[in-house]
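Undergrad: All chains should be modelled from the sequences, with the hints used to inform the complete structure.
2 protein chains.
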Amino acid sequence: MNRILFEKSEIVDGLATFGGERAEHVLSFLHGEVGQALKTGEVDGPIGTSVIERIDGRTVTVRVSHGEPSLAPWCDLVLAPPRPRAMKRLMPQLATLGAGRIFLVGAKKVEKDFWGATLLNESEYRPLFLAGLMQAGTTAMPVVETRRNFRKFVNEELDALFPGSHRVVAHPYGEGGPRQKSEMPRGRLLLAVGPEGGWTDEEVELLESKGFERISLGPRILKTETAVVGLLVMLGARNEKMV
Amino acid sequence: MNRILFEKSEIVDGLATFGGERAEHVLSFLHGEVGQALKTGEVDGPIGTSVIERIDGRTVTVRVSHGEPSLAPWCDLVLAPPRPRAMKRLMPQLATLGAGRIFLVGAKKVEKDFWGATLLNESEYRPLFLAGLMQAGTTAMPVVETRRNFRKFVNEELDALFPGSHRVVAHPYGEGGPRQKSEMPRGRLLLAVGPEGGWTDEEVELLESKGFERISLGPRILKTETAVVGLLVMLGARNEKMV
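Protein sequence lines, in the order shown, are assigned to chains A and B.
So for the first sequence, this note's numbering puts the first residue at 92; every next one is plus one.
So for the second sequence, this note's numbering puts the first residue at 92; every next one is plus one.
Errors might be hidden in some of the hints.
Since the list gives no way to pick out one identical chain from another, each pair is judged satisfied if it fits inside one copy or across any two copies.
[As the list claims (entries may be wrong)] With a straight-line cut-off of 27 Å between C-alpha atoms, the simulated DSSO-like cross-links for lysine-lysine are: (1) K314 x K200; (2) K199 x K130; (3) K200 x K130; (4) K314 x K130; (5) K301 x K130; (6) K314 x K179; (7) K243 x K314; (8) K301 x K243; (9) K199 x K301.
To be clear, the hints were calculated from the coordinates, so they are not data collected in a lab.
TA: Pasting the structure below:
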């Protein structure tokens, strides 16, 4: 928790009052006292500093002063989701690493029962994203959408959603593709990552027909979770910039 | 489980007999039948193909034929461990991504009670590494050592252990360091990754005095787990080669 975030609705007349995990962090880990300044921010809003005005048992009230812009997302994802347990571990990291829009797509090798997972409810995944944002120190909440019909999504929606984006597809069995690009174009990236068993040939070809450039992460076969985190760190180090 | 691995002791007269998870994978996921060829390998040994000779209930016997070399580790780690739960998630990924020797060091901000964790027993972590290797399709088992006295380790042991290695330190608050290196020297890498709270200034200075080059992963603050996976994918894509 490197920056405490408040929902817009929690800030009333310049004050925010909170208990729970955030208060525990302030009181136990930061040894918070009245007058102490905390790094804070507003979900999907600016960041800044808040000063502790009152401590009432395990509840903290701060005077909020937010004005600086947060880092903005720098990439969007077309993600064939791994199993819910792995997805749950991945979600905070997606927020930390700066993903903006996340389209969960029904590639052939995605397990059918994924689509019934409770994790797909916003009430389930929002706290995971929030934790990831508070880790990173940023405020932009990722937006999740599901598209079970992968082919239809790519053919009919993708170009309108992401016009002019630079597109990359991670292909675990991509021996044929370029091993590693020494230079990547800058700008907002659209990244497609396949399921545990990989994209089918048809799926990769479809993505390539839409301008996705194939990228391989080397000869080792990675779990989706490992591949996504690795790709985002690798590409983010090159692409990220302030808005 | 992209390659089934056997311990050396499991291979007797060219045959390996196994039950448990590996057999379940062969029988349920791969729909194994007598005569079917499987991708296999020997821990810390060669890889190849084995043919199913016998299926006895949930036990499988294969005739082993190993001859090709596995991918070798390409980096070693000086790692200030995160909490045991995070370390447990990280371990399979370290094996997957090709870590060789892993020195767990007592940096200032490592939680003291980490050193009592059951995870530090080889019987606990070996199965995690094994799972990571079977995911990657490689055989080289990482070796873990602990050094609670970080300063003593760096001053007295490091140069003898890793002569001539290219050394990189990940510094989460490394605004001062180079944002991203467009070219990294090739060859075996020694990578130092700090604890959740970061290295202290003194620790980073000590590493720099030993030739570690500072690398930052950008302005977002990452968990150790995220940073290690990201670094290994990023640097591995550039460094990895067959032995």
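Undergrad: All hints, please: hold or fail.
TA: Evaluated hints:
no. : hint        : verdict
1   : K314 x K200 : within (13 Å within a copy, 30 Å between copies)
2   : K199 x K130 : between (44 Å within a copy, 23 Å between copies)
3   : K200 x K130 : between (43 Å within a copy, 20 Å between copies)
4   : K314 x K130 : between (35 Å within a copy, 18 Å between copies)
5   : K301 x K130 : neither (42 Å within a copy, 34 Å between copies)
6   : K314 x K179 : both (14 Å within a copy, 16 Å between copies)
7   : K243 x K314 : within (26 Å within a copy, 36 Å between copies)
8   : K301 x K243 : within (13 Å within a copy, 55 Å between copies)
9   : K199 x K301 : within (18 Å within a copy, 50 Å between copies)
Of the numbered hints given earlier, the model fails hint 5 alone.
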